[in-house]
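Protein chains: 2
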Amino acid sequence: MNAAANVTAKVIDGRAFADRLGTRIAVAARDFAARAGRAPGLAVVLVGTDPASEVYVRSKGRMARKLGMESFEHVLPETASQDQLMALVARLNADAAVDGILVQLPLPKGLDSLAVIEAIDPAKDVDGLHPINAGYLASGLPGLVSCTPYGCLMLLRDSLGSLAGLDAIVVGRSILVGKPMAQLLLAENCTVTMAHSRTQDLPGKIGRADIVVAAVGAPEMIRGDWIKLGATVIDVGTSRVEQGGKMRLVGDVDFAGASLRARAITPVPGGVGPMTIMTLMHNTLIAAHRRAGMPVPNLS
Amino acid sequence: MNAAANVTAKVIDGRAFADRLGTRIAVAARDFAARAGRAPGLAVVLVGTDPASEVYVRSKGRMARKLGMESFEHVLPETASQDQLMALVARLNADAAVDGILVQLPLPKGLDSLAVIEAIDPAKDVDGLHPINAGYLASGLPGLVSCTPYGCLMLLRDSLGSLAGLDAIVVGRSILVGKPMAQLLLAENCTVTMAHSRTQDLPGKIGRADIVVAAVGAPEMIRGDWIKLGATVIDVGTSRVEQGGKMRLVGDVDFAGASLRARAITPVPGGVGPMTIMTLMHNTLIAAHRRAGMPVPNLS
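One line per chain: the protein sequences are A and B, in this order.
Counting from 1, one number per residue, gives the positions in the first sequence under the UniProt record's numbering.
Counting from 1, one number per residue, gives the positions in the second sequence under the UniProt record's numbering.
Hints were generated in silico from the structure; no laboratory data involved.
Cβ atoms here follow ideal geometry from the backbone N, Cα and C, with glycine treated the same way.
Please note that a few of the clues may not be correct.
Here are the computed distance ranges between Cβ atoms for each label pair [claimed, not checked]: (1) B:R20 / A:L299: 53 to 61 Å; (2) B:R38 / A:Q82: 29 to 37 Å; (3) A:R208 / B:A164: 19 to 27 Å; (4) B:A292 / A:A96: 35 to 43 Å.
What the simulated footprint calls covered on chain A by chain B, stretch by stretch (three residues with Cβ under 8 Å from a Cβ of chain B suffice, anywhere in the stretch; the number is not a length) [unchecked claim]: (5) 51-57; (6) 121-134; (7) 182-189.
To give a feel for the contact side, a few chain A residues facing chain B, derived at Cβ under 7 Å [unchecked claim]: (8) A138; (9) S139; (10) A164; (11) G165; (12) S174; (13) I175; (14) Q200; (15) R290; (16) R291.
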């Protein structure tokens with residue numbers, strides 16, 4: 001944790017970590033299939049024709065099949081009613097071959113996302129979005145954890161070992177990332193500060209943190225010289241910015257500047273991003289084992 | 001917020017605040033009864049003969065009746081089985097006259113508290129202990145909030161007005177107090193630090209906080225000279241200590257020392273304690289209105 005002087009940070013390779021995790025998931029999925037007589041099953045629901053959502057849904061299905069899981073893809077028309085969507089979720093809840101249900105967000109206007117999420121069987125809620133899964137996390141009970149923060153935690157554990165006693169700051173308080181991230185870090189015995197748009201003296205607070213998780217979605221808003229020497233930086237933000245006439249992906253953190261002070265840092269792209277789909281696969285594997293009454297294999 | 005020099009803090013009178021809140025609850029309960037044709041109803045379940053629990057249960061029933069609510073007290077023998085307890089909870093869930101269900105903890109050994117809590121209809125969970133209520137709180141959705149932190153928040157709002165942008169530290173991370181307290185302060189736009197037994201440099205962190213909520217249960221472990229000048233201190237801890245041959249109640253904070261630096265501070269006893277039973281009454285009133293489909297009156 002002690003950087004005596006300016007050094008260049010280790011770049012945390014999320015893609016390589018995700019690949020290694022994927023290999024372990026594939027082995028565990030094959031083992032599950034041998035014992036349960038069926039592969040773990042992931043159902044992905046898409047409503048409408050949003051091109052980005054179509055890409056995400058396709059890549060999730062492809063990854064599931066690649067790792068030896070069964071993939072069920074359900075596409076409803078843009079004009080689908082709330083009742084149709086709820087009926088589909090009810091069918092997937094009842095389907096014994098389905099371990100995980102993911103409804104691709106955002107839904108077309110007029111559909112009630114929360115009602116859909118609350119209709120998903122919490123034991124199949126592999127996106128970790130059901131309020132009871134948020135409650136299990138907050139209460140220290142076993143549930144399913146939102147994929148992105150879970151992936152960030154795996155990278156932090158891999159990079160640091162024990163996180164106990166470290167000062168962590170989470171910038172951004174979304175339900176999907178910031179809030180569950182804070183709970184996960186607290187469970188690791190970090191002292192956790194939750195910062196956001198109303199926070200006073202953000203540079204000072206970041207400057208005292210051993211771990212910085214940035215999940216705001218504001219391009220390079222965290223300056224490199226704010227980072228404490230020797231800190232570990234996890235950058236969840238992904239923004240598309242124009243630079244010299246070309247579009248480029250950047251994170252919430254000034255990567256070049258932070259690299260001169262941090263001990264380790266995730267790049268954008270290639271850091272947190274590749275972990276998210278893999279933790280979805282991991283959650284599906286966990287859900288499959290729990291539903292089958294089998295002990296969940298420890299893949300970390 | 002600025003104390004130029006040592007001053008004696010304002011003592012936050014939780015008993016007087018709770019009395020005023022009780023008056024408003026009683027008016028709202030009478031109004032509810034006139035419109036709904038029945039009073040709000042609170043069911044309290046006691047298993048066994050623990051003397052402290054008996055006192056708590058009696059005082060809750062008495063307070064409910066005093067405020068114009070109906071009180072249902074159910075006492076099961078020490079030897080009650082899990083099935084008996086679950087059957088009672090199921091009956092109370094189904095009873096239209098019951099708006100709130102509180103199972104007095106701790107339960108006798110051998111009974112599964114979590115199973116009982118998870119069996120309570122979340123809409124009647126006036127103790128705010130059901131994981132889905134923790135999840136609603138974490139997700140910013142309407143639910144029922146654990147009584148003690150909710151009472152602390154009311155005292156803070158009354159003392160400070162807007163909490164937005166203030167730096168708050170919550171010491172202690174219990175499911176009952178510390179964790180929901182942090183969520184409530186975050187929802188008020190505080191920057192929130194969650195500290196606990198593994199926290200490094202607690203004095204330094206407390207010294208930077210505008211709001212300190214202490215919920216550890218360690219007598220006077222927070223020294224007065226750690227407190228930032230002008231901070232507001234809420235002391236949830238209540239410990240019984242011997243002093244000069246007499247038993248005395250003390251909080252987690254050195255009250256005398258902190259009074260020389262804080263802007264306002266809750267005493268022990270007479271601070272947070274009296275609020276807890278009153279927020280239970282408030283939660284019962286909220287549950288009654290929601291269950292009847294009536295708008296919840298704003299009593300703050």
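Broken hints, numbered, in rising order?
Numbers 5, 12, 15, 16 - these are the hints that the structure violates, sorted from lowest upward.
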